[in-house]
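Please build the complex by placing chain Y on the supplied structure of chain Z, with the hints as guidance.
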Amino acid sequence: MLQTLSQAVVMRDCKTVKDLTERMVEERVDLFVILNQGLNSGMLWACEQFRRGAFHVPELLMSSRALKIGMNILRPLIRDGERNVVGRVVIGTVKFDLHDIGKNLVNIVLEGNGFEVIDLGVDVSPERFVRTVEKYEARVLAMSSLLTSTMGWMKSTLELLRESGMKRVVRTMIGGAPVTSIFARNIGADAYCAEATSAAQTVKKLLGIEA
Amino acid sequence: MIVPLLSAKVKESSGMTPQLRSFTQSTGIPLQVSDTQGRAVWVSDICRRKDFFCRLSRTNTEKDKFCHTIHKKAVRESIRWGEAAIRTCCHSLMQMTAPIMNHGTLVGYLIASPFLLVHPSELQPDELSSLHRGLEKKRLLEEAILSIPVIKDEEASQSAKDLFRLAEALSDPDLSCLREAREIQELQGKIVEQILEFKALGKDFNAQSLSRLFYEQEREILVKIRLGDRGGAKEILYRLLAIVLSQHLENFELLKISILELLIILTRAAVEAGTKIEEVLGMRYRFITESATIKNQEDLCIWVAHLLEKLMDGIYQTRHAKNYQRLEKMLNFIEVHYNESLTIERIAREVCLSPSRLSHIVKDELGIPLRACVSKVRIDRAKTLLREKEFPISQIALEVGYPDQSYFTKVFKKVEKCTPKTFRVKGFDSQLS
Chain Z
264 MLQTLSQAVV
274 MRDCKTVKDL
284 TERMVEERVD
294 LFVILNQGLN
304 SGMLWACEQF
314 RRGAFHVPEL
324 LMSSRALKIG
334 MNILRPLIRD
344 GERNVVGRVV
354 IGTVKFDLHD
364 IGKNLVNIVL
374 EGNGFEVIDL
384 GVDVSPERFV
394 RTVEKYEARV
404 LAMSSLLTST
414 MGWMKSTLEL
424 LRESGMKRVV
434 RTMIGGAPVT
444 SIFARNIGAD
454 AYCAEATSAA
464 QTVKKLLGIE
474 A
Chain Y
341 MIVPLLSAKV
351 KESSGMTPQL
361 RSFTQSTGIP
371 LQVSDTQGRA
381 VWVSDICRRK
391 DFFCRLSRTN
401 TEKDKFCHTI
411 HKKAVRESIR
421 WGEAAIRTCC
431 HSLMQMTAPI
441 MNHGTLVGYL
451 IASPFLLVHP
461 SELQPDELSS
471 LHRGLEKKRL
481 LEEAILSIPV
491 IKDEEASQSA
501 KDLFRLAEAL
511 SDPDLSCLRE
521 AREIQELQGK
531 IVEQILEFKA
541 LGKDFNAQSL
551 SRLFYEQERE
561 ILVKIRLGDR
571 GGAKEILYRL
581 LAIVLSQHLE
591 NFELLKISIL
601 ELLIILTRAA
611 VEAGTKIEEV
621 LGMRYRFITE
631 SATIKNQEDL
641 CIWVAHLLEK
651 LMDGIYQTRH
661 AKNYQRLEKM
671 LNFIEVHYNE
681 SLTIERIARE
691 VCLSPSRLSH
701 IVKDELGIPL
711 RACVSKVRID
721 RAKTLLREKE
731 FPISQIALEV
741 GYPDQSYFTK
751 VFKKVEKCTP
761 KTFRVKGFDS
771 QLS
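In order, the protein sequences belong to chains Z and Y.
Under my numbering, the first residue of the first sequence carries the number 264, and numbering increases by one thereafter.
Under my numbering, the first residue of the second sequence carries the number 341, and numbering increases by one thereafter.
Excised from the complex, chain Z in its bound form (with noise of 0.2 Å):
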C-alpha cells in the first residue's frame, strides 16, 4: 500500500492520494512510515524525474499538490501527538532561489517531530533570516539552496549572523542538492543535513536532544 501510495504522489494522483493516506491512518499505520515511505519516497522520485528532464515544472507541481493533499490529512494528528514543543526552528530558501519541495519536506518532518517551525519560504535575504531569528529566539537557523549560484547566500546570511552576535546562540544548518558536508564546514555552518528526512535527527543533534 505504501508503494502505491509513493507511486500515486509521483503519477500526481491525487484522489489515491487522499483514499490511501485516510485508509492507512484509519488502519493504524505509524503516521512517520505514511510519511516517510509513502509520501516523501514519492516526491523524492518525482524530484528525480524533474532533475533527468522526464517531468517538467506542472506535473511536479501536480506531484507536490498530492504530496499537501497526504500532509494536509497528517499534520494535524502528527500535531496531536508531539504536544511538546522541542525547540523553535527558522527555515527558509536562500536569496535567488525560488525552490521549495525540499525545503517543504524538512518542514514537514521538522514539525512532525514536535519543533515549532517558522518558514519565510523562498528567496530570503540574508537580513531577513537573521532579523527572524532574532525576533523568534530560534534556537535553530536552516537553509536550504537547489543552485549552485545561490549557495553564496548561505555564506553571507552566516557572515550577517556573525556581525550581529547571533551565532553564537543559534545553531545553523544547510541543505539541498548541490550542498555538501564540505561547504558546510568551509563556510562554518555547524551542520549538513543530507537528506530532509535525516532532518529531525540532524537538528535534535545539533541541540544535544537525544534522538
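The calculated label-pair distances, taken between Cβ atoms and stated as ranges, are:
#, chain 1, residue 1, chain 2, residue 2, range
1, Y, 357, Z, 290, 54 to 62 Å
2, Z, 313, Y, 470, 18 to 26 Å
3, Y, 761, Z, 399, 53 to 61 Å
The set of hints was computed from the structure by calculation and includes no laboratory data.
Treat the numbers as computed from the prediction; the structure is a model and nothing was measured.
Each residue gets a CB set at the ideal place from its N, CA and C atoms; glycine is no exception.
Frame of chain Z; chain Y shown alone:
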C-alpha cells in the same frame, strides 16, 4: 515610446496577430502582450470571458499593481532560465510568462493567464480559500472560477514552449541572448548531477577523496581529448567542474585559480593532440585578460565549457581531414562492436585500409596503439556494468568482449590499477586509491 514600438511590432508582423490568437484558441488560455510597465499592448479577445476571475479580482489599482509585481518576478525568472516561466499567482492560479527583448533589453512580455491544472471541482479547501482571499461577491466568484480554463500538466509544458516561441518571434532580432542563459543553467544542472553522484558515496566523500578523483579524471580527460572524443571529454569536464566547485565554491578567487589550472591541463592536451601552439597560447592569454571581468562561477564554468569546444574544433581542423574521417568511423565501429572479437584486420577492413596503415594512422593521430583504443572502450563499458549491474565478473568479461576472465582482469588492472572486484566493492572510490 516602448508601447508604440511593441504595438507596431505586433501589428507589423502580419502573421503575428493570428499566431497570438491561435495560441489562445488551441490552449484556451487568455493571452496578453504587455510592456515593461504592465500596460496591455494586445489582449486576446476570443477568450475574454475566461479571464473573468482576474477582472473581478482586479477591482482596484492596488491589486493591479500587485499582479504586475508578480508578473515582473516571473519575467525575471524566465530571462534567468532562458525559457517560459510557469508559476502561480497571488490567488494560486497558474500563469506562464515569456520575455520580449530588443537587442538584449527587455521591452515587454507575454503573459498567458489564468489557467488551472485541475478542475475547479477537485480544488482542496485551502486552495479554494486562497482563491476567495480578500474577494467579495461569492456567487459571482464561483461562476468566475468555473470559467477558468483547465489544462493537463503535460499540455502545459508544451504550451509554455509555444509561448516562448511566440515571444521569440516578437523579439528583435530574436531571443538568442537568452540561449546562453539556458546553456549556463543546463551546464549547472550537469554539474549538480555530478555533485549528487559524489554525495551518494556517503562517508567516502571528503576533500581528500575529491582531490584524488580530480587527478584521476584529469588523466581521463587527456585521453579523451587525444582521442578526439568530444562527448566523453565533456562528460569528464562536468565531473572536474563539480569537483572544483565542491572544493572552492565559497571562495571565488580560489575557484578562479583552480579553473585556470584546469584550462592549462586542457590546452596542453590539445597541443599534444595536434592543435597549433599559437592558438592555444592565444586562448590562455584571453582567459587571463578576460577572467578579470568574470564575476561569478556560472560564467567561469561556461567559459571553460566553450573553451573545450574550441579546443576540440582546433583538433579536428588540424588533423588530416581524411584520416580523421576514418578514425571517427573506426571509433564508432569499436563503440558498436566492442563485445565481439575485434581483430586489427576486421577493423581495418571496415575503414578500407590495410592493417599496418591503420595501425600507423592511429598511433600518429591518437598517440596510442589501436589495441589500447579497443581496451579503453571495453574497460569503460565494464566500469559502467560493474557499478550498475550485479552480474558475475565472468559475465561482465564476456559482455565487453573478453571470453577469458583472467585476461579481462589483467587488462582491467593495467588500465584501472585495481581488479574489477575491488572496483565493484569500492565503487567510485576504487579509482581514488
